[in-house]
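Chemist: This is what each chain is made of:
Number of protein chains: 2
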Amino acid sequence: MPDLILTTFDWVPHPPRGYVRDLRVRWALEEAGLPYRVATTPFGDRGAAHLAHQPFAQVPWLTDGDLSIFESGAILLHLGERSDTLLPTDSATRATAIEWLFAALNSVEMASLPWSILKFSGEKEDTTAWKQLDGFLTKRLAHLEAILVAREWLAGPFSIADILMADVLRLVDRLGGLTPFPTARAYMTRATARPAFAKAHADQIAHFAAADAAGLGGG
Amino acid sequence: MPDLILTTFDWVPHPPRGYVRDLRVRWALEEAGLPYRVATTPFGDRGAAHLAHQPFAQVPWLTDGDLSIFESGAILLHLGERSDTLLPTDSATRATAIEWLFAALNSVEMASLPWSILKFSGEKEDTTAWKQLDGFLTKRLAHLEAILVAREWLAGPFSIADILMADVLRLVDRLGGLTPFPTARAYMTRATARPAFAKAHADQIAHFAAADAAGLGGG
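In the order they appear, the protein sequences are chains A and B.
For the first sequence, the positions run 1 to 219 when full-length UniProt numbering is used.
For the second sequence, the positions run 1 to 219 when full-length UniProt numbering is used.
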């Protein structure tokens, strides 16, 4: 029995499929070749049992023996400590991978997530709010573009930092935001061409398709 | 000579004073009693020397011997590995502190930062953008409020998770966003009543006041 259990929703509507954050963890687990199984929590009713593992009513969480960990960044860091495929052991390279793990979340996704919320809500592109948040994202992506010109991966070898950064960029690209940043787009394409991403992505799509077939979320 | 050097801006305008992110690092260093010195980088001209340490043209960064680390979360995690005052060594408590470090940044600040950008830009509170992003923050704070009812600190003993969460909440409170969340507000007040916060905050204010006195940023 694998001792790693990844919990995600039992079902989600179609639009987020392929982008639910269990993908980041599946991808890392596939890169590392760590055995795991997938468990589910109801999408509809996020009660006390859910909140005990994920206090913001989100997914995923990972259990590893007695530990239950939420936050995709924390989960990837934990897995990185179990696998030098995910996080280099040399102290300088390791520090670089960890700072870029935080940068993917806090310098890039912190700008891209609110931007994507406005995009999905159909915000008009001439409002002050749009201009503020689009400008915030554009500046961050311009800095990232400059960094990626000289790097195949963020910290030397491929690492958890690239899993997070590429997954953050995927959603920006889906919404048209990477067009002015060809280097960042090529980086994202290079990362998602990895077999571990393809497996993780196909598994997530199949997981929610099986939920449809089982009649979950229907009615 | 201390081997820890914290770099922040040489000067900033008045509004962000007391909130520049070197505060998080100063606070952690004061809690741990680690000796350090403060170095500066120009606020006005953020050139190649700056970008070599902080690729998004922000502050702070920390150098520790040969290592140079950016991202406040990564810096606090690094300091946590040097001090069990900042990060408990027991593996379960340590994992909890690390997941809450990420949660402060990615579940709360990811919602509060865009909200604060709209607040500062004078966004009208009847726009769709405001409602979307205010609703996003309100949901996250409601979940945090429920957690804090039963906890003095996020991971048992005070840790780097509390430094980040309290500092994130300070800006929300400054902009009026904590009024509906008395438990979160009391938590923030409890955290910022610690002597290490008072020292860190006074030092940041004094640092920028000295820059004014030296004629920086003037003209």
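Hints are computed from structural coordinates only; laboratory data are not their basis.
Careful: at least some of the hints might be erroneous.
Note that identical chains are pooled: a pair holds if it fits in a single copy or bridges any two copies.
Said to hold, decoys possible - Capping the alpha-carbon separation at 25 Å, the derived lysine-lysine pairs in DSS-like fashion look like this:
| hint | residue 1 | residue 2 |
| --- | --- | --- |
| 1 | K199 | K139 |
| 2 | K124 | K199 |
| 3 | K119 | K131 |
| 4 | K119 | K139 |
| 5 | K131 | K199 |
| 6 | K199 | K119 |
Chemist: All the hints need checking, so say for each whether the structure fits it.
Modeler: Now for the hints, and whether the structure bears them out:
no., hint, in the structure
1, K199 with K139, "neither (33 Å within a copy, 33 Å between copies)"
2, K124 with K199, "neither (37 Å within a copy, 45 Å between copies)"
3, K119 with K131, "both (12 Å within a copy, 14 Å between copies)"
4, K119 with K139, "both (17 Å within a copy, 20 Å between copies)"
5, K131 with K199, "neither (37 Å within a copy, 38 Å between copies)"
6, K199 with K119, "neither (29 Å within a copy, 42 Å between copies)"
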